[in-house]
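J.: Okay, here's what each chain looks like letter by letter:
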Amino acid sequence: MLAYVIRRVAGTIPVIILISLLVFMLVQAAPGDPADLLLSDEATAEDVADARARWGLDQPVWVQYWKFLTAALQGDLGTSFRYADPVLTMIAERLPATIELAVVSIIIAVVIAVPLGVWAGARPNSWIDNLGSLVGLFGISMPNFWFGIMLILVMSGILNLLPSSGRDTYGIAGDPITGFYLLDSVIKGNWRGLWDGLAHIAMPAIALGTNMMGILMRVTRSSVMEVMHEEYVTTARAKGVSERAVLWHHVVRNALVPIVTVVGLELGTLLSGSIIVETVFSWPGSGQLLISAITSRDYPLITGTVLTYTMAFVIINFTVDILYAAIDPRIRFDK
Amino acid sequence: MRTKRIISAGRSLVAAAVMAAAAALGAPGAQAQAKSSVSIGVVNDFAGWNPYADSTAQMYMIWCQTYGCLGTFDTRTGDYEGILAERWEVSKDNPNEWTFYLKKGIKRHNDGKELTAEDVIHSLWRNKNDPRTAQANNTRPVTEAIAVDKYTVKFITSQPTAPLLAFLFDRLIITGKDLYKKYGQDVDRKAPWGYGPYQVKDIVVGQRMVLEKNEAWPGIKKENPDRLIFRRIKEDEARVTALFNGELQMAQFIPPHLVDRVKSAPGVTLKSTSPVEVMFLAMNPNFKPWDNKKVRQAVAYAINREAIVKAIFRGGAEVLHGPIGPGQYGYSPDVEPKYAYNPEKAKQLLKEAGYPDGVEIDFYTATNRYINDRQSSEAIVPMLQAVGFKVRFHTPEYSSHWPLVRKGKRPFYYQGRGSVIDPSAMLVQYFGTEGTPRIGYSNPKLDALLEAQEREFDSAKRQALLLEAFNIVQEEVPAFFLWRIQQHYGISNRIEFTPMATDRVYGLDILVKN
Numbered sequence: 001m002l003a004y005v006i007r008r009v010a011g012t013i014p015v016i017i018l019i020s021l022l023v024f025m026l027v028q029a030a031p032g033d034p035a036d037l038l039l040s041d042e043a044t045a046e047d048v049a050d051a052r053a054r055w056g057l058d059q060p061v062w063v064q065y066w067k068f069l070t071a072a073l074q075g076d077l078g079t080s081f082r083y084a085d086p087v088l089t090m091i092a093e094r095l096p097a098t099i100e101l102a103v104v105s106i107i108i109a110v111v112i113a114v115p116l117g118v119w120a121g122a123r124p125n126s127w128i129d130n131l132g133s134l135v136g137l138f139g140i141s142m143p144n145f146w147f148g149i150m151l152i153l154v155m156s157g158i159l160n161l162l163p164s165s166g167r168d169t170y171g172i173a174g175d176p177i178t179g180f181y182l183l184d185s186v187i188k189g190n191w192r193g194l195w196d197g198l199a200h201i202a203m204p205a206i207a208l209g210t211n212m213m214g215i216l217m218r219v220t221r222s223s224v225m226e227v228m229h230e231e232y233v234t235t236a237r238a239k240g241v242s243e244r245a246v247l248w249h250h251v252v253r254n255a256l257v258p259i260v261t262v263v264g265l266e267l268g269t270l271l272s273g274s275i276i277v278e279t280v281f282s283w284p285g286s287g288q289l290l291i292s293a294i295t296s297r298d299y300p301l302i303t304g305t306v307l308t309y310t311m312a313f314v315i316i317n318f319t320v321d322i323l324y325a326a327i328d329p330r331i332r333f334d335k
Numbered sequence: 001m002r003t004k005r006i007i008s009a010g011r012s013l014v015a016a017a018v019m020a021a022a023a024a025l026g027a028p029g030a031q032a033q034a035k036s037s038v039s040i041g042v043v044n045d046f047a048g049w050n051p052y053a054d055s056t057a058q059m060y061m062i063w064c065q066t067y068g069c070l071g072t073f074d075t076r077t078g079d080y081e082g083i084l085a086e087r088w089e090v091s092k093d094n095p096n097e098w099t100f101y102l103k104k105g106i107k108r109h110n111d112g113k114e115l116t117a118e119d120v121i122h123s124l125w126r127n128k129n130d131p132r133t134a135q136a137n138n139t140r141p142v143t144e145a146i147a148v149d150k151y152t153v154k155f156i157t158s159q160p161t162a163p164l165l166a167f168l169f170d171r172l173i174i175t176g177k178d179l180y181k182k183y184g185q186d187v188d189r190k191a192p193w194g195y196g197p198y199q200v201k202d203i204v205v206g207q208r209m210v211l212e213k214n215e216a217w218p219g220i221k222k223e224n225p226d227r228l229i230f231r232r233i234k235e236d237e238a239r240v241t242a243l244f245n246g247e248l249q250m251a252q253f254i255p256p257h258l259v260d261r262v263k264s265a266p267g268v269t270l271k272s273t274s275p276v277e278v279m280f281l282a283m284n285p286n287f288k289p290w291d292n293k294k295v296r297q298a299v300a301y302a303i304n305r306e307a308i309v310k311a312i313f314r315g316g317a318e319v320l321h322g323p324i325g326p327g328q329y330g331y332s333p334d335v336e337p338k339y340a341y342n343p344e345k346a347k348q349l350l351k352e353a354g355y356p357d358g359v360e361i362d363f364y365t366a367t368n369r370y371i372n373d374r375q376s377s378e379a380i381v382p383m384l385q386a387v388g389f390k391v392r393f394h395t396p397e398y399s400s401h402w403p404l405v406r407k408g409k410r411p412f413y414y415q416g417r418g419s420v421i422d423p424s425a426m427l428v429q430y431f432g433t434e435g436t437p438r439i440g441y442s443n444p445k446l447d448a449l450l451e452a453q454e455r456e457f458d459s460a461k462r463q464a465l466l467l468e469a470f471n472i473v474q475e476e477v478p479a480f481f482l483w484r485i486q487q488h489y490g491i492s493n494r495i496e497f498t499p500m501a502t503d504r505v506y507g508l509d510i511l512v513k514n
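In order, the protein sequence lines correspond to chains A and B. The opening residue of the first sequence carries number 1 in our numbering; numbering runs sequentially from there. The opening residue of the second sequence carries number 1 in our numbering; numbering runs sequentially from there.
Keep in mind that the hints were calculated from the coordinates and are not lab data. Worth double-checking, as some hints may not be accurate.
[Said to hold, decoys possible] With a straight-line cut-off of 30 angstroms between C-alpha atoms, the simulated DSSO-like cross-links for lysine-lysine are: (1) A:Lys67 / B:Lys128; (2) B:Lys107 / B:Lys390; (3) B:Lys390 / B:Lys288; (4) B:Lys294 / A:Lys188; (5) B:Lys407 / A:Lys67; (6) B:Lys351 / B:Lys294; (7) A:Lys188 / B:Lys35.
Note that the coordinates shown come from a computational prediction; the quantities given were computed from them, not determined experimentally.
I would like the entire structure built from these sequences, with the hints used as guidance.
T.: Structure (structure tokens):
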């Protein structure tokens, strides 16, 4: 197991370096010059040249990359052109908001999709199965930006139940401890803050989680249906185990492997989906940061954010692999 | 009996929850009952705490009312007004010498230190030399600053610059010299104390800026909001919804397709500004066929601007005759030629230019930059085709389009120029040989006129020179001026506010009704 972990971690290093090179080159190749975009409408050629020199853009690309790489290996992702703050600090400030949103989305998706999927899989063609299929279809086919805007129009506009955007109401939260707003509120016992946070996160989390919910519900259903026909299920029934125990102890446990895989894979989709959802809901996470970095061609910030996302993907995949072994004792990584 | 009690307990629980929810969700500032708070939905992103790092109308507006600037242009009175400066003058003997007299007894937030000429000089230095400055171009004409006494500061310009106030007012942000000495570049985060009518309280990049009233500001009213929260909500639907449900008391930049919804919403009023952003079609004579004046004139005759304003902008725009319109400095109804819609004449001009069978052109409009940019350009395309242009229409992303415009590599494009109060800077920028390469037009006669008007301090004479310059631009058409687009504001009936064409939202101009 340990050997496997070491091998996997070692394997990710060249991947990350390669991605950094790719992103660095692609960003530079994209049309649009940060100096032209960040300086005012009235700036002269001289101002533009000054700014380019300040940012090191007057040097050859390979020199720039080498500087970036050597600094990055020492834990410095450079300084944002636009915000003039260290890229690492900026991402660290924004990442909790994105992670919080993703976690709540997953919770919503799993809590709805898994029971519904199990139930539907256990009773194919029943009304619950039909309802499940409908929910699944809805979730899969709904574009999240459109769903987000509809949620805003209905929930905040017509019903006026939830705040339309943002992460909190000014003046309620207080100073952050972990940066996770909901967690901070619980730690501080700030129940008003917790309520405020939940009210703000509800719509973006639903908009983001719906797609995952749809896919998860379908996978759970088919996985459960498949396991239902296994011989050990028949055996369990023959022994006189109650139907309920058969379902939850024998079937679901065995059906979990594909579910965990899908959750893992979908986490990636969730991260990229959050870029859009964060824009719609003015959610101050790293996705929004990436968008503004791209529109201003803030090279260090784009590279840094994309690298962070890459790391996240790598870590998620890795974790899912390890989880397999925990869920299914038949899976072993040794040798 | 028992069940009843439980029910009533449950009820009060529900009531408490509802109240908590209302407190949490409802009006900001619900926790501080006595304080009035106004939330404003804005669109643009901002760079953070450094007051020299952004060059957008939105951020000049924030810094100008917190740190403070020398003065402002009030588009409602059409005149410059002092903020930190009491008055100003140009020396009679030396047109390069401007003197600004500061208001006495302006106290800084938090420590109460008085504003002095030294702070103004420091600010000029920071504007030019801050490693993050994006505003240095505003002070380019100023080469030197001298403190005459504690409250008087002299600016020396490299050449006589009549429109100097248009560069400095609303734009040169005044910060404290001693604070910078103490904190260096960290000063903006550690001591964001200025001299203006409002004080910076909190800034969260991408999310909000919170300002609080400076009670010590002379003449500040009880009805001016105690707190201003500028919330960045980029999505139009979300911004308008937040206005309707009371999260916002003002929403900037309502797009035309939502105007009717705002008009019919209860408790909200739609107000529109007379615009200072001019839109035009630029034709770079370094590219064929734009080297031929007749082709450029053909474009001007081919476009039915009245129809586009009516159909696409729903009346929310004004057709321009000449580079600027009424309300902008130097406007004259006598500008010639005016170019009424005349497709026959356009065809004729193309033929005379040597293109009897029409000519292929590329037309560029960046999308999502200006109101209805794509739609209005799409309406222009068939009009050009009708007179013989074979148009290839391109809609690039702004971030990739704009740098090419700046380098003079786009032959024909739709473009806007905002904040045109005084047209001098715009004319030099786009049409002067020494300006930018954006259009690549060069005309010694126009250059001479532009320079002469900059040196002319007599307003009537200056306006006459400007009119001559306008007429050359109209006759030569390096750019064909199309229209000015109105900006729409949604404003809650809880507050009183008249938007300005410069899009400055100053807390001093907002009154909270009871």
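J.: Would you mind marking each hint as holding or not holding in the structure?
T.: Okay, the hints, checked on the actual structure:
{"no.": "1", "hint": "A:Lys67 / B:Lys128", "in the structure": "holds (28 angstroms)"}
{"no.": "2", "hint": "B:Lys107 / B:Lys390", "in the structure": "violated (63 angstroms)"}
{"no.": "3", "hint": "B:Lys390 / B:Lys288", "in the structure": "holds (13 angstroms)"}
{"no.": "4", "hint": "B:Lys294 / A:Lys188", "in the structure": "violated (73 angstroms)"}
{"no.": "5", "hint": "B:Lys407 / A:Lys67", "in the structure": "holds (28 angstroms)"}
{"no.": "6", "hint": "B:Lys351 / B:Lys294", "in the structure": "holds (9 angstroms)"}
{"no.": "7", "hint": "A:Lys188 / B:Lys35", "in the structure": "holds (26 angstroms)"}
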